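Chemist: Residue numbers (our numbering), protein chains in the order written: chain A, 89 to 308; chain B, 4 to 281.
Don't take each hint at face value.
What the hints assert, rightly or not - The calculated SDA-like cross-link candidates involving lysine to any residue, where the alpha carbons are at most 20 Å apart (straight line), are: (1) K97/B <-> N176/A; (2) K305/A <-> K250/A; (3) K193/B <-> F174/A; (4) K259/B <-> K178/B; (5) K97/B <-> I282/A; (6) K154/B <-> I282/A; (7) K76/B <-> D246/B; (8) K41/B <-> K212/B; (9) K37/B <-> D107/B; (10) K37/B <-> K84/B; (11) K178/B <-> I282/A; (12) K250/A <-> N176/A; (13) K178/B <-> N176/A; (14) K97/B <-> F94/A; (15) K193/B <-> K212/B; (16) K72/B <-> K212/B; (17) K56/B <-> I85/B; (18) K193/B <-> F162/A; (19) K97/B <-> E103/A; (20) K193/B <-> A166/A; (21) K193/B <-> Q169/A.
What the hints contain is simulated information worked out from the structure, not anything from laboratory work.
The model shown is predicted, which means the values in this text are computed figures rather than measured ones.
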Amino acid sequence: MDAQSFATVFSHIDEYWSGFFRTLITSLAALVMSFILGFTIASLRVSGVKPLAFCARWYVEFLRNTPLLVQIFFLYYALPQLHIGFLNLSGFQAGMLGLTFYTAAYIAEIVRAGIQSVPKGQMEAARSSGLSYYQAMVFIILPQAFRIVIPPLGSQFINLVKNSAVLTFFAGYDLMYVADSLQGSTGQVFPVYILAGVFYLILTIPLSILVNFLERKLLV
Amino acid sequence: MLVMLLSVGIVLAACGGKESSNSNSNASKLDQIKDRGKLVAGVKYDVNLFGLKDPKSGDVKGYDIDLMKALAKHIFGKDKKIDDILELKQVNSKTRMELVSSGDIDLASATATITEEREQTVDFGNVYFIAGQSLLVPKDSKIKSVDDLGKDTVVISVKGSTSEQNIKEAAPDAKVTLFDDYAQAFTALKSGKGDVLTTDNAILMGMHKQDPDYVLTGGLFTDEPYGMIFNQDDDEFREYVNDFLNDMKESGELAKIYKKWFGEEPPEDILKENTMLK
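Chain A with its partners taken away, still in its complex shape:
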């Protein structure tokens, strides 16, 4: 490892940027979608409707207890065997969907725990002051739950960004894919992965700071 090898790798910085934006887009899309999906699943679990709660529970168990890599391999290589045109996903699509489904399971658990950690008395008080169940949920319970779940949600989103590195196995053109390809073509190892790490930090550190900021901002 010397200055020369860093220079070789730095000459490919454009490729890193394109990988960086691909990772950024994948992560952002998966972040939004997994939040919506995870929130929906959590609502089903606490809805009190037995069949819905049952399905939601098994979604979480199934997705949380199998490796992400297996899930995306399934989406990427197994679905095309069904020979249905639109199910032949690109690496980018399979990766984004896989990350969404997987992360949603964790988010569902976090949100459920958040809702259930709001003392029962809050709901009872809200109901007895004339609010409906949904009004009580939206105006009384969820705002309190939201504050509790900010830190674990933040870690989960940071994990999401890092997990997006699995896209390298599915020709996802993400940061890790760029690093892997450069490692092969230039033969350099150290600078290639250090630079990849730095680019991941550019994504995750602002996310960390944002989460900390929100946490302080919402403190009662």
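Since the structure of chain A is provided, determine the placement of chain B on it from the hints.
Modeler: Just chain B now, kept in the frame of chain A:
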């Protein structure tokens, strides 16, 4: 942050450097191998005809393997049991150079094309196989040659291979998509992730044997001399292996192994000198 990472890197690199220089200064590579009692060779486990692991028996078989076996017997004598004197280590296109440089393996015989860029990190021996890049497509494909690869075609290749760079030059419009090894690349072609798979003809021949629904097309569009990979400090060992291969060519042993795997006589100029050697 960057400074911190770099300094950790420099410390690690310094530690690594010290160890390897210690072991190198003691004895030449050949002496090290003899002292150890076995040759440690890096080969591929996923390339049919060169180095392929049979999942049932667990044996690795191919042209590269047979050459490494012959080399081990040449070093230690024919009467030794091959498992005692030869240790095969699996490498891929991404790891093979690094493992040789770090001294984890004595040499790699792993379908590696000799290139100027790679010669800056490692040394290659004489040309032990002359390959050329070709295309593998489904039987009913419309693609007949490199000229058919337009901007709507997706070309599958493998990370770290020279095929990636070559195809970008030969078909600049086509979209290239890369996988980690040839097994995955072939699975990707079969599941329709791309229209054509490109790499050296010899590797494609192996895939065609495995599944005849996929055929080679378009002839060869590059000249890819394969060389065994050596550490840059091991000039003596590299020459030793070159001499050994030349002897094998003269005795007809090399032609025998070549025919066993590729079904034809080796080309006249096999074992021609590696002209890029620095």
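Chemist: Look at each hint and say if it fits the structure.
Modeler: Hint check:
1. Under the criterion of a C-alpha separation no larger than 20 Å, the hint pairing K97/B with N176/A is inconsistent with the structure, at around 28 Å.
2. Proposed proximity of K305/A and K250/A is contradicted: the alpha carbons are some 26 Å apart, above 20 Å.
3. For the proposed pair K193/B and F174/A, the alpha carbon gap of about 16 Å is at most 20 Å, so the pair holds.
4. Only pairs whose Cα atoms come within 20 Å are accepted, and K259/B paired with K178/B is rejected, the gap being roughly 40 Å.
5. Distance restraint check for K97/B and I282/A: the Cα-Cα separation of roughly 17 Å lies within the 20 Å cut-off, and the hinted pair is therefore satisfied.
6. Distance hint between K154/B and I282/A is unfulfilled; the C-alpha atoms sit about 33 Å from each other, more than 20 Å.
7. Restraint check for K76/B and D246/B: the C-alpha separation of about 15 Å stays at or below 20 Å, so the hint holds.
8. For the suggested pair K41/B and K212/B, the alpha carbons sit about 33 Å apart, so the restraint of at most 20 Å is broken.
9. Taken as a hint, the K37/B and D107/B pair is honoured in the structure, with Cα atoms around 16 Å apart against an allowance of 20 Å.
10. Taking the CA atoms of K37/B and K84/B, the gap is about 15 Å. The hint holds against a cut of 20 Å.
11. Taken as a hint, the K178/B and I282/A pair is broken in the structure, with Cα atoms around 28 Å apart against an allowance of 20 Å.
12. At roughly 25 Å between alpha-carbon atoms, K250/A and N176/A are farther apart than 20 Å, so this suggested pair is violated.
13. Between K178/B and N176/A, the direct Cα distance comes to roughly 17 Å. Compliance with the 20 Å bound is thereby established for this hinted pair.
14. Between K97/B and F94/A the CA atoms are separated by roughly 18 Å; this keeps the pair inside 20 Å, and the hint holds.
15. Distance hint between K193/B and K212/B is fulfilled; the C-alpha atoms sit about 14 Å from each other, no more than 20 Å.
16. Taking the CA atoms of K72/B and K212/B, the gap is near 24 Å; set against the 20 Å cutoff, the hint is violated.
17. Proposed proximity of K56/B and I85/B is supported: the alpha carbons are some 17 Å apart, at most 20 Å.
18. In summary, the hint linking K193/B to F162/A is supported, as the alpha carbons are separated by about 15 Å, within the 20 Å threshold.
19. Only pairs whose Cα atoms come within 20 Å are accepted, and K97/B paired with E103/A is accepted, the gap being roughly 18 Å.
20. Restraint check: the Cα-Cα separation between K193/B and A166/A comes to about 11 Å, which is no more than 20 Å; the hinted pair holds.
21. A threshold of 20 Å between alpha carbons decides the hint, and for K193/B with Q169/A the separation of about 9 Å falls inside it, so the pair holds.
In this structure, the hints that do not hold are numbers 1, 2, 4, 6, 8, 11, 12 and 16, in rising order.
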